[in-house]
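I would like the entire structure built from these sequences, with the hints used as guidance.
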Amino acid sequence: MAPLGGALRALLDLVRADREQIQAQDEARSAQRRGTIPISSITPRSRACVSGVLRAVTYRPVSHKPVLVAQLFDGTGSVDLVWLGRRSIAGVSPGVHLIVEGMVLAGRSRPTIYNPTYTILGAGQ
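In this note's numbering, the protein residues as written are 1235 to 1359.
In case anyone wonders, no lab produced these hints; they're calculated from the structure. Please read these numbers as outputs of a predicted model, since none were measured by experiment. Misleading hints may appear alongside valid ones.
As the list claims (entries may be wrong) - Now the in silico label distances, taken between C-beta atoms and shown as ranges:
(1) Ala-1290 to Gln-1259: 15 to 23 Å
(2) Asp-1252 to Pro-1328: 16 to 24 Å
(3) Ser-1327 to His-1298: 15 to 23 Å
Each residue gets a CB set at the ideal place from its N, CA and C atoms; glycine is no exception.
Rendered as structure tokens:
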């Protein structure tokens, strides 16, 4: 059998890919287009500017200290965003795209950025 051309192989890979892989590839391309660094390449104790989509936002009950935690995904990895002293932030909800910047710390399961500066992105950005 003759070897397949690169374009045909890419098309076959796309057809075989599952939905999550396609979304991850799309997020990685979008982050690259925005000029931010991939989450997979950030290191603790350094500043980073990353972008992606919020996969989850955790709200704490009123009886606990006010802390808002969100998980940002860019197709290459995830980072936890933690806002101390906040119970909610208008516009910060699952499915929203953000650009965030801050100091990266080693978290329990993934890198963490405390009190990042952020920009909420509109559709197509």
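Hint by hint, here is what the structure shows:
Under the hint 15 to 23 Å, the C-beta atoms of Ala-1290 and Gln-1259, about 20 Å apart, fit the expected range. As the Cβ distance of Asp-1252 to Pro-1328 is approximately 20 Å, the hint placing it in 16 to 24 Å holds. At about 20 Å, the CB distance of Ser-1327 to His-1298 agrees with the hint of 15 to 23 Å.
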